[in-house]
Amino acid sequence: MICAIHQPQYMPWLGYFDKIDKADVFILLDDVQFKKNEWQNRNKIRTAQGWQWITVPVLHDFGQKINTVHIDNNKKWRHDHLRAIELSYGKAPYYGRYKDFIDELYKTEWFSLAKLNTFIIDKIVGFLGIGTKLVLASDFNIQAESTQRLIDLCRAVGADTYLAGADGHKYMDVELFRSSGIVMQTQQYEHPVYPQLWCKKDGSGFVSHMAIIDVLFNHGDKSLEIIQA
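With the working numbering, letter number 193 in the sequence shown gets 193, and the count goes up by one each step, no holes.
Hints are computed from structural coordinates only; laboratory data are not their basis.
Beta carbons: idealized from backbone N, C-alpha and C, even for Gly.
You may find that some hints are simply not true.
[Claimed, not checked] Within a straight-line C-alpha distance of at most 27 Å, the following computed DSSO-like cross-link-like pairs (lysine-lysine) qualify: (1) 65 <-> 75; (2) 107 <-> 36; (3) 65 <-> 76; (4) 65 <-> 99; (5) 107 <-> 65.
[As the list claims (entries may be wrong)] Quick list of simulated restraints, FRET-style, between CB atoms: (6) 190 <-> 100: 20 to 28 Å; (7) 103 <-> 201: 39 to 47 Å; (8) 179 <-> 72: 37 to 45 Å; (9) 139 <-> 70: 31 to 39 Å; (10) 49 <-> 155: 45 to 53 Å; (11) 83 <-> 24: 15 to 23 Å; (12) 192 <-> 48: 16 to 24 Å; (13) 49 <-> 97: 33 to 41 Å; (14) 160 <-> 62: 32 to 40 Å; (15) 226 <-> 75: 43 to 51 Å; (16) 188 <-> 57: 17 to 25 Å; (17) 191 <-> 221: 29 to 37 Å; (18) 122 <-> 64: 22 to 30 Å; (19) 91 <-> 148: 46 to 54 Å.
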């Protein structure tokens with residue numbers, strides 16, 4: 001059984017869902033330190049001018065765990081994100097198919113960043129038709145840190161293989177993994193190029209590493225096939 005583990009991100013990119021697709025169990029690492037100005041509370045969307053950030057404002061202290069980070073609802077971020085998405089993707093071929101999801105997402109008053117991200121990831125896994133089981137790391141109450149935490153989480157779900165990201169060797173103790181008896185594999189993901197709203201007629205102007213909604217709005221049911229390509 002293959003297990004992949006990653007922090008819950010906001011509107012993750014295609015490679016995130018490729019990792020979910022390649023695993024039997026995907027653990028949302030919600031009980032580790034929140035990192036400001038990374039991908040846990042922001043992502044990029046394609047615009048007519050190129051791309052722009054959409055950022056969820058948060059209230060947090062240094063060292064705070066992701067699942068205890070609260071959203072700053074004194075700011076009108078939901079209105080701003082919805083407006084930006086409508087302006088950028090309103091004319092995309094499959095925007096209408098996912099409009100109810102987008103409306104639900106931004107009409108709901110979210111308080112927990114982790115719950116917001118988990119909702120989005122779970123919904124999109126369903127849209128893509130991925131059958132991987134999603135679980136929360138916090139449900140296992142693992143106390144170990146760093147590489148040992150990953151090993152203990154793999155054992156908790158009965159996995160014999162861990163699928164690491166391309167940079168996994170930079171932050172993990174590879175030898176500790178080897179001695180644990182759990183096989184470590186590394187995700188090798190090459191971002192696909194696909195027809196994208198705002199590209200030129202000759203296909204030039206493609207912007208990669210956008211939020212997952214970019215491929216969904218442009219390609220609907222074919223999105224997983226594009227991700228896997």
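Hint-by-hint comparison with the structure:
no. : hint                    : verdict
1   : 65 <-> 75               : 22 Å, holds
2   : 107 <-> 36              : 25 Å, holds
3   : 65 <-> 76               : 24 Å, holds
4   : 65 <-> 99               : 32 Å, violated
5   : 107 <-> 65              : 26 Å, holds
6   : 190 <-> 100: 20 to 28 Å : 33 Å, violated
7   : 103 <-> 201: 39 to 47 Å : 31 Å, violated
8   : 179 <-> 72: 37 to 45 Å  : 44 Å, holds
9   : 139 <-> 70: 31 to 39 Å  : 20 Å, violated
10  : 49 <-> 155: 45 to 53 Å  : 48 Å, holds
11  : 83 <-> 24: 15 to 23 Å   : 39 Å, violated
12  : 192 <-> 48: 16 to 24 Å  : 22 Å, holds
13  : 49 <-> 97: 33 to 41 Å   : 25 Å, violated
14  : 160 <-> 62: 32 to 40 Å  : 37 Å, holds
15  : 226 <-> 75: 43 to 51 Å  : 34 Å, violated
16  : 188 <-> 57: 17 to 25 Å  : 35 Å, violated
17  : 191 <-> 221: 29 to 37 Å : 20 Å, violated
18  : 122 <-> 64: 22 to 30 Å  : 23 Å, holds
19  : 91 <-> 148: 46 to 54 Å  : 49 Å, holds
The structure fails hints 4, 6, 7, 9, 11, 13, 15, 16, 17 (numbered hints given earlier, in ascending order).
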